[in-house]
Every structure is written in C-alpha cells, then in structure tokens.
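Given the sequences, and given the hints that come with them, work out the whole structure.
Protein sequence lines, in the order shown, are assigned to chains A and B.
Its first residue numbered 1, the first sequence is counted upward by one per residue in the working numbering.
Its first residue numbered 1, the second sequence is counted upward by one per residue in the working numbering.
Treat the hints as calculated values from the structure; they're not laboratory data.
Be aware that a few hints might be false.
As the list claims (entries may be wrong) - Computed list of lysine-lysine pairs in DSS-like fashion (alpha-carbon distance at most 30 Å, straight line):
(1) K144/B with K378/B
(2) K144/B with K177/B
(3) K177/A with K323/B
(4) K177/B with K323/A
(5) K144/A with K82/A
(6) K77/A with K144/A
There are 2 protein chains.
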Amino acid sequence: MTASSRDLQFTLHDVLDFEGHYQRLYGNDAPGRELIDAISEEAARFCDGELAPINRSGDEEGCTFEDGQVTAPAGFKAAYDKYVEGGWASLCGEAEYGGQGLPDSLGLVLEHLMAAANPAWTMYPALSRGVVEALEHHGSPEQKREFLPRLLSGEWTGTMCLTEPHAGSDVGLVRTKAEVQADGSYRISGTKIFISAGEHDLSGNIVHLVLARTPEAPEGTRGISMFVVPKFDLDGSRNGVVCGGIEEKMGIHGNATCILNFDEARGYLVGEENQGMRNMFTMMNAARIVVGLQGVCQAESALKDATDYARERLQMRSLSGPKAPDEAADPIIVHPDVRRMLLTQRAIVDGGRVLVYLTGQVADVATERDDEEGQAAKDLLDFLTPIVKGMLTELGFESVNHGLQIFGGHGFIRENGMEQRVRDTRITLLYEGTTGIQALDLLGRKILQTQGPGLNRFIALMNELAGELETSEDAFLSGLAPVLRARGAEWLELANALMGRAMENLDEVGAASVDFLFYSGYLTLAYCWGRIAQTAHAGDQADPYIQGKLAAARFFFARMLPRADAHRTALEAGADTLMSGSEETFGPW
Amino acid sequence: MTASSRDLQFTLHDVLDFEGHYQRLYGNDAPGRELIDAISEEAARFCDGELAPINRSGDEEGCTFEDGQVTAPAGFKAAYDKYVEGGWASLCGEAEYGGQGLPDSLGLVLEHLMAAANPAWTMYPALSRGVVEALEHHGSPEQKREFLPRLLSGEWTGTMCLTEPHAGSDVGLVRTKAEVQADGSYRISGTKIFISAGEHDLSGNIVHLVLARTPEAPEGTRGISMFVVPKFDLDGSRNGVVCGGIEEKMGIHGNATCILNFDEARGYLVGEENQGMRNMFTMMNAARIVVGLQGVCQAESALKDATDYARERLQMRSLSGPKAPDEAADPIIVHPDVRRMLLTQRAIVDGGRVLVYLTGQVADVATERDDEEGQAAKDLLDFLTPIVKGMLTELGFESVNHGLQIFGGHGFIRENGMEQRVRDTRITLLYEGTTGIQALDLLGRKILQTQGPGLNRFIALMNELAGELETSEDAFLSGLAPVLRARGAEWLELANALMGRAMENLDEVGAASVDFLFYSGYLTLAYCWGRIAQTAHAGDQADPYIQGKLAAARFFFARMLPRADAHRTALEAGADTLMSGSEETFGPW
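Here it is in structure tokens:
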C-alpha cells in the first residue's frame with residue numbers, strides 16, 4: 001500500500017466525520033461510510049496494482065517525442081485504460097453528462113491515492129478534472145454536451161494552457177491571439193510552454209483550455225479570454241495545435257511537459273470574452289488544493305518507506321544502552337535524531353492530510369450552500385487555498401528530504417526510490433502558482449484587500465476548539481487551549497499591523513508575504529493537530545496507533561510550532577531589510 | 001566566471017587578511033598577495049575554461065560501466081590531463097615528494113573554484129588529496145616514496161574505501177578482512193560500496209585507502225586498520241580489486257560511485273594495526289571542510305545565475321509602482337520576495353565563505369604551531385569542522401533551492417542548470433558523515449566529552465569582535481556588539497544545560513544534536529557577518545559592492561539569525577518529545 005488506509009480512515013471518519021458532513025449537506029443523497037470506504041479501498045487497489053508498479057520505471061524511461069507525437073512510458077496507457085474501465089474519470093462529474101455526481105471532497109481520496117502511488121501518471125487525469133470543472137461552470141450548453149461526456153468517460157483528456165515563454169507568474173502578459181470567425185468560432189495562434197499532458201498517447205483526443213487575447217482586448221489580465229481547443233476538432237479533423245517538443249526536467253519524467261504551437265487552431269470561447277482569468281480561477285483554485293495534496297502524498301509515501309527502513313537498518317548503538325543486543329547494532333529508529341526526522345515527517349503528513357480534507361469539506365459547503373453558511377465557507381476556502389498549496393508543498397518537500405536523509409547514502413541512489421520522490425515533489429512548489437504567488441494571494445488578496453474574513457473565520461474555529469479543549473481533564477489537551485487562543489490573537493494582531501504598514505508602503509506586502517504564509521501555515525497546522533489530539537484522546541489509549549498520534553501532537557507543539565516565531569520576527573523586520581539596497585548592490589559580482 | 005573573483009578577494013584579503021595570516025605563520029616563506037591572487041586567477045581560468053563547460057554534459061552523459069571498466073563522461077579525461085599539466089595536483093603537497101608546499105588554506109581556493117564549476121569532476125582529484133594527507137601523516141618512509149610522488153604529479157589518483165553494505169555511518173561494523181603475509185604485506189578481501197572515483201579512466205593507477213580488519217582485531221572501531229591498496233601493484237601487476245558496478249543516483253552523475261570487490265588484493269598497512277579509524281580522521285576532517293565548501297560553492301554558482309535571471313526576467317509590476325515603465329513588466333529583482341530569496345542566498349554564501357576560509361586559517365595554525373596557540377587552534381578546528389560540514393551543506397541545499405525557485409518553472413527544466421545544482425548539492429548532506437553524524441560529533445564529542453574548549457574559544461572571538469564593534473560610531477555596527485555578547489552567553493548556557501541533561505539521560509544528546517548544530521551554525525555565521533559588516537564599513541561607502549555587503553548583513557541579523565531561536569526552543573523541549581512513544585507507535589500504518 002502506498003497510502004495508509006488506517007490514516008485515511010482516521011482522518012476522514014474519526015477527525016473530520018465525513019459521514020456526518022455529507023449527511024448535513026446532502027441528506028438522503030449523502031454517501032454513507034460504506035460507500036466512502038468502498039471507494040477508498042477500490043481506489044487503493046487500483047493505485048497499488050496499476051500505478052505504483054510503474055512509478056519508478058516511468059521515471060527512468062520518461063516520455064519520448066518524435067515528429068509531434070509523444071509516447072508515455074511503458075504501462076502508462078494500459079493503466080489509463082484500467083482507469084477508464086473502472087469509471088474513475090467520472091467520479092465527481094455531473095450526472096447529466098455521465099458523471100457519478102459524488103462530492104468533490106470524495107474525489108480528493110482518489111487524487112490522494114493516485115498521487116501517492118505515481119505523481120507523474122496522475123497528472124494526465126488530474127488535468128482533465130480541471131477542464132471538466134471549467135466547462136461545468138462556464139461552458140455553453142452545447143460545449144457541455146460535446147465535451148463533458150467524453151471527458152467524464154475518460155475517452156478524452158484535457159490540459160490547461162496558460163504559460164508562454166515570457167508569461168509565467170504574470171499571466172497578463174499572454175500574447176496568444178484569438179480571432180473570431182464568421183461561424184462564431186475563433187482562430188487561435190501562439191506558443192504555450194510547460195503544458196503538462198499537452199500531448200501523449202493515452203487518450204483519443206486532448207482538449208486544451210487556452211488563455212488568449214482577442215484583437216481589441218484590453219491589456220493585462222482584463223483582456224484575457226478562455227477557449228476550448230480540441231486536438232481533433234468536433235468534426236474529427238486534426239486541429240492546428242502541434243507539440244513542438246517536450247522538456248527535459250528534474251522530475252515527473254513520466255508526464256510530458258510540452259511546448260504547444262497553435263497555428264490558427266479552431267477554438268470555442270468559454271464564458272464571455274475578457275473573463276478568462278476569472279473563469280480560469282474556477283479550476284485553478286481546485287487544482288491548487290490538489291497540488292497541496294500532492295505535497296502531502298509524496299511525503300506520506302516517503303514516511304512509510306523511511307519508517308520501514310528505520311526499523312530494519314542496523315547502525316550504531318543507542319547512546320542510552322543497546323536496544324537489540326543480539327544484533328550487530330541497533331535499528332536506527334532507536335536513535336533520537338532519526339525519530340526527530342520521522343516525527344517531523346509525521347507532523348507534516350498527518351497535519352497536512354487533515355488540512356486538505358478539512359478544506360475539501362469547506363469547499364463542499366461553499367459549492368452547495370447559497371446562504372450565509374455558504375458565504376462563510378467561501379471566505380474560509382479562499383483563505384485556506386493558498387495555505388494548502390503554498391505551505392503543504394514547501395513542507396512536503398522538506399518531508400521527503402527527511403525521508404531521503406534517513407536512508408543516508410542509500411537515499412541518494414535510485415534504487416530506494418527516495419531521490420525520485422524528492423525530484424518529483426520539487427515541482428509542486430512551482431506549478432499552479434509558486435510559493436511566492438500563493439503568499440501574495442494570501443496576504444494581499446485574502447487578508448489586506450478583503451479585510452480578512454477567512455482569517456477571522458479560521459480564528460473563530462481555533463477559539464471554538466480551544467473552548468472544547470480547555471475543559472479536558474487531560475493536561476496536554478487543556479494546555480493546548482491557551483496556546484490556540486494566544487496564537488489566534490497574535491495572528492490577527494500581525495495581520496492588522498501589516499495592513500497598517502501596507503497603507504504606507506505596498507512593498508511591505510511582498511516583503512512579509514512568504515514569512516506570513518509560513519507563519520499562517522504553522523498556525524493552521526496547530527489547529528489541525530489540536531483536532532487530531534482531541535480525536536486521539538477519545539480513542540483507545542492502549543492502541544499504539546493512538547499513542548503515536550498523541551506523541552506526534554506533543555512533538556508538533558513542542559518542536560515545530562516554534563518555527564512560526566522565527567517567521568514572525570523575520571516579517572516584522574519589514575521591507576527595509578530587503579529594499580534598502582539598489583539593484584546594483586545585488587551584483588552579480 | 002563561476003565564482004566571483006571580487007567576493008574571493010574581499011574574503012581573503014579584506015575580511016581575513018590572508019597575507020598577514022601567512023606572514024605571521026610562515027615568515028619569509030609566506031605566500032604574498034601577488035602569489036595568492038596569481039593562483040586564484042590561474043585556477044579560475046582553468047575552472048572556467050576546462051571544468052564549467054563539461055558540467056552539464058557530464059551530468060547528462062554520466063559514467064559508463066562495462067566489464068569492470070568505467071568511462072567518465074566526454075571531456076573529463078582531457079580536463080584531468082590539463083589539471084596534471086597545470087601542476088594543480090601538487091599545490092599543497094610536501095616539497096620532498098614533488099609538492100609545491102603551499103598552505104592547505106590556499107588549496108581551498110582551488111577546491112572552491114573547481115567545485116563551483118563542476119562538482120562531479122572535482123571529486124576525482126579531491127579524493128587524491130585525502131590519500132596524500134593520510135600518507136603524509138601516517139605512511140612509512142617507503143610508502144611515501146612509492147606513492148606520494150605519483151599522487152602529487154596527478155599520474156595516480158586515490159579513493160577512500162570505508163562504506164560496506166551493512167556499514168555506513170557505523171564504520172565499526174566493517175567486515176573487510178586483512179591477512180598478513182610472509183613479506184609483511186596483507187591480503188584484503190571484502191566488498192566496499194559508494195566508493196567515489198573508485199574506478200575510472202582519468203589516471204593510470206588508482207590508490208585505494210581501505211579500512212579493514214585483521215583476524216584477531218577487537219570488535220568495533222578499535223579493531224580497524226588502514227591499508228593502501230593500489231589498483232596496479234607496485235610491480236605493475238593488476239591487483240585483486242575490481243569494480244563490480246556503479247550506482248545510478250540523484251546527482252553528481254559525472255563521478256563514478258563504485259562497488260569495489262577486493263579479492264585477496266595486496267595491501268600495505270598504513271600506520272599501526274587497529275589505529276585505522278583515528279588515522280582515517282586525519283583525512284576525513286580535512287575532507288569535511290571541503291564538503292562544507294562544496295555546499296557553499298554550488299550555492300554561490302546558483303546565486304550568480306539567479307541574480308542574472310532576476311535582473312533580466314520581466315514579470316509583474318512592482319506593487320509600489322512600475323520600475324521599468326518602458327517594458328511590458330518589471331524585472332523580478334524589484335519584487336521584495338525575490339530579494340528575500342537572493343539575500344537569503346547571499347547570507348549563506350558570503351557568511352559560509354568567510355566561515356570556510358576562517359576555518360582554513362585555523363587549520364594552518366593547528367598544523368604549524370606546537371605551542372599553546374597551536375592547541376587553541378586545534379580546539380577551535382575540532383569545534384568548527386562539524387559546523388562547517390553540517391551547517392553549510394544544509395544551508396547550501398536551501399540556497400540552491402532558492403536559486404531554482406527564482407527561476408520559477410524554468411528552474412525545474414534542465415536547460416537552466418538550476419535543477420542539476422539542486423541534485424548535485426543534495427549529496428553533500430550525506431557523504432563524509434551525514435548532518436546527524438556531524439551534529440553528534442559537535443555536541444557529543446566536541447562539547448560534552450571535552451567540556452567544549454572550542455566553543456569557549458569561539459565565544460572569546462565573538463566577544464573580542466563585540467569589543468571592537470561597540471566603539472563604532474555606526475549605529476548598526478555598535479548595535480551588533482550586544483547581540484554577539486548576548487548570543488555567546490546564551491550559547492554557553494545552552495551547552496551547560498545540555499551537559500547537565502546528558503548526565504541524566506544520554507538520549508538527550510541525540511535529541512538535541514541537530515537543532516544544536518543549526519543553532520550553533522547561525523551563531524557562527526553571526527560572527528562571520530559581524531566581520532563582514534566591520535570590513536564593509538571600513539570600505540568605500542559609495543561602492544554598490546560594499547553597500548550590498550552591509551545590506552546583506554542587516555538582512556542576516558534581522559531575518560535569519562532569529563531562526564536560531566526556533567532551534568533553541570525545539571531542543572530545549574528535550575528527549576521526551578522524541579522518545580516517549582514505543583517503536584510500534586511509529587507504524588508504518
């Protein structure tokens with residue numbers, strides 16, 4: 001198993017009560033525990049049986065490019081066929097177009113297990129999900145009829161085409177042109193780069209969602225429109241979009257990162273002209289949560305491998321006396337520093353998992369409810385999304401590196417798979433918006449521009465949890481209550497101070513943003529670990545699994561949460577510490 | 001240029017006064033500034049001309065293994081020939097055996113420039129240096145006569161053979177056997193793994209320094225002896241050591257990481273029986289400083305590339321108003337968060353460079369002086385070595401990752417070279433003793449077992465610097481004095497508290513060690529940045545270079561030094577936070 005079924009069950013049922021959550025939202029249509037577990041188990045079987053075995057071979061073989069055609073590594077197409085046969089592509093799609101209509105949060109379980117088993121392969125179907133969501137929300141009835149059934153069956157796959165050579169984080173610089181034709185369709189011309197799954201041999205057709213600019217469009221992001229551009233047009237003819245090459249890169253070798261040349265390709269406007277950026281965010285926000293989850297997934301797989309290794313590998317004696325006197329040395333798990341690394345991974349993985357699925361629940365409410373509760377959920381979702389994406393990918397990368405380190409020199413060689421996890425995880429800090437972009441979104445848009453309704457709602461959750469914990473007869477649990485309350489108050493104070501500073505100098509936003517993201521991330525995880533501790537305390541105290549959760553919770557509060565203070569001190573130092581020197585002072589020398 | 005000649009000059013001459021240092025130690029034989037600069041410039045020419053151009057191609061091609069033979073990537077042998085022709089192999093060797101007799105600290109300049117240009121290639125000659133040092137210190141007159149001239153000419157290269165499949169960090173588990181023969185030589189049999197440069201086509205012969213065990217040797221590290229085992233024996237016959245394969249690994253693809261099978265190979269005892277571990281540390285300690293330097297080197301090259309990119313790449317407008325109104329967007333160096341990453345890199349690179357060369361000076365004194373000053377230098381060197389190795393490789397890895405991040409998605413693809421730097425740097429945290437091993441060495445051996453004479457001496461240096469700074473009319477400089485004094489006092493208090501704890505429970509050592517290493521690392525860098533700030537303040541304040549040093553110093557104290565507090569809090573939480581759960585609580589689940 002690449003992902004722990006016990007951990008998944010603990011998260012979904014014990015900590016977050018998914019059954020109750022669905023019951024509240026969907027009433028009689030709610031998926032019950034049996035269905036949730038059946039889907040999890042079936043998904044795990046598919047991922048363990050089909051995806052995990054081709055993870056390393058896919059990395060080693062990579063994709064092949066020849067004459068505009070891309071061949072995915074051996075076994076990738078066969079696994080995709082099984083994915084289609086299993087009906088996995090339709091899990092969360094609208095029933096009207098052949099979907100199974102299950103909640104998006106349940107789709108996270110599938111994304112989770114797939115990404116833990118094979119992140120490169122997972123990106124082929126993951127991008128289709130994005131196109132489905134964009135069309136469900138913004139497509140015309142005809143577009144939905146034409147595209148959704150084939151995307152939901154898995155017969156076709158999708159891509160997101162944003163980046164151009166000169167337009168990365170700055171999507172407003174996109175130059176790809178779209179000219180309207182007499183029949184209402186558009187001709188799309190331009191070059192897109194870094195298009196994941198942009199060309200491959202897994203599906204019969206590829207549906208590109210393309211950001212482009214009409215001739216009279218205003219400059220910047222306000223002049224961007226969204227188009228759907230199928231590789232094979234609706235009449236079956238080959239459309240004018242051709243793969244010009246694939247990138248050699250650090251990781252996810254099994255996924256083709258393509259240069260796509262659009263040469264008067266026929267495209268269909270999705271939504272209204274010049275609304276492309278806003279509409280793209282419909283899928284981008286969901287995708288950002290999935291990328292945050294990817295960080296956690298690789299960290300989870302690395303933790304499992306590192307734990308196995310730490311229990312088997314014999315090196316050195318425990319300083320406090322031999323623990324395996326009959327062996328030549330003790331298993332390295334007896335060494336405090338190996339435990340420090342394992343517990344750091346555990347703190348990231350368990351806390352991150354709760355954060356992702358909690359965010360999934362919030363997203364369900366935001367989608368389902370049109371009332372005040374729905375608005376509250378939207379605020380919270382907007383606030384949590386950059387934290388999930390930014391923080392969990394950064395910590396996921398830290399975590400897989402601890403996993404590699406536990407293997408020592410054996411972690412650096414290919415055989416043990418740890419170095420691939422490090423390479424594969426590195427991209428999660430970059431795509432769907434870098435850490436820096438997430439941080440600006442969090443502090444700039446979600447706090448300063450909007451007066452931080454999501455932050456207030458999250459602090460209310462922290463205080464609510466503190467209220468529950470403070471009456472506990474357990475000293476550790478009741479001791480968390482003042483910590484959560486004090487951190488919440490400190491967070492708000494910090495946000496207010498930054499608002500004041502930003503009014504005087506907008507550079508204060510960028511100067512504080514990433515440290516504020518990390519600070520916020522650790523506090524968000526503190527809430528999640530409070531929930532985990534609370535849940536574990538209600539469990540069987542003789543169960544090593546439960547004991548482990550409580551030990552990890554103690555570790556988190558004692559040894560990881562203090563990192564927040566270093567970030568607070570750093571960001572309080574202000575913009576002058578970054579901006580006082582001229583460009584020239586940076587060299588290069 | 002892969003390494004900044006201005007930065008090198010600033011470090012060697014302005015901050016550390018190498019000329020004065022050599023004058024004090026070597027009197028009339030001292031290399032003067034002219035010679036130091038000539039060597040630096042010539043070495044830079046060699047590295048830029050021969051090594052940098054084959055860095056990426058070496059990574060892509062890797063080494064080839066066939067029938068026990070290893071072929072290094074194209075151009076590696078030709079570059080090695082130029083290295084030999086240039087006389088670089090003999091730079092710091094004893095004159096008696098053909099060496100140029102220059103101080104080891106000057107050899108660091110060569111290591112520095114080579115490792116910045118091509119870390120994989122650099123490991124071929126770097127390992128020879130280790131063998132030379134071991135033989136200079138512990139070899140018999142005959143061994144010196146036989147091996148040193150050919151190693152110093154570069155005709156032969158060397159390796160260090162410690163690791164076996166079951167013996168990594170725990171060298172005491174080595175099983176390779178050595179049986180004495182009638183002629184006084186030994187027959188060596190066993191398998192060594194992870195032998196860098198263990199087999200290749202660069203030199204005519206390879207001299208292996210092998211740790212092995214004689215039949216009656218005591219268990220553990222006290223029963224290990226050191227042997228020199230040439231691939232071609234002294235009579236020219238092929239010796240019984242054969243490469244059984246090379247590893248596929250994350251980085252340094254251009255260097256062959258070999259499995260070596262010794263089958264009754266003829267070896268010669270170096271030093272006395274059972275003294276192998278102690279003697280191996282002669283070369284290991286020097287090698288650890290070089291590995292710390294490697295972390296800084298890759299960070300330096302990454303900083304240079306990232307700075308270039310940040311000044312060229314146009315994305316987004318500055319939040320405080322357009323800075324390049326005639327362009328489509330501003331260069332990303334105007335964004336505070338990009339500056340945060342560049343300054344973090346700068347803090348690591350400049351501070352780390354001063355730390356390495358300062359340690360080199362201390363090593364010179366430790367080698368040259370037999371008096372009290374020599375003992376003080378030995379104490380300080382012992383103390384600084386694990387910090388240089390452990391901290392600068394960890395921060396080096398952080399730094400190259402910031403470099404990659406500044407490139408955004410373009411950092412993840414091979415073309416820009418940043419992803420290779422990340423992969424190549426990752427090994428520095430593992431070889432020559434992992435970070436965890438360095439941390440145990442620092443806290444266990446260099447502080448607790450010996451009552452920390454090196455720590456006391458370093459704190460004395462901090463206080464001495466504080467005394468110089470406090471009279472400065474510059475508010476920033478005089479403000480550093482109380483910071484350095486307070487940190488020194490805190491450091492000592494922390495070490496004393498840990499001594500007390502360790503007496504009650506030895507697991508407290510391992511539970512605190514890595515956090516103590518990081519804590520100590522940041523305080524050590526604080527001293528280095530104090531020296532840099534002091535030096536820069538004495539320079540031309542109108543010079544952007546000097547302004548940059550002062551800006552980076554302010555950044556370090558305001559935004560990086562506070563990280564030390566998170567490590568202090570974490571380690572003060574004690575061993576219970578790691579050891580309270582049983583092994584079972586760790587899963588895997």
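Status of the hints after comparison with the structure:
1. Taking the CA atoms of K144/B and K378/B, the gap is near 25 Å; set against the 30 Å cutoff, the hint holds.
2. With a CA separation close to 24 Å, the supplied pair K144/B and K177/B stays within the 30 Å bound.
3. Taking the CA atoms of K177/A and K323/B, the gap is near 27 Å; set against the 30 Å cutoff, the hint holds.
4. This hinted pair checks out: K177/B and K323/A have alpha carbons roughly 27 Å apart, not beyond 30 Å.
5. For the suggested pair K144/A and K82/A, the alpha carbons sit about 25 Å apart, so the restraint of at most 30 Å is met.
6. Taking the CA atoms of K77/A and K144/A, the gap is about 26 Å. The hint holds against a cut of 30 Å.
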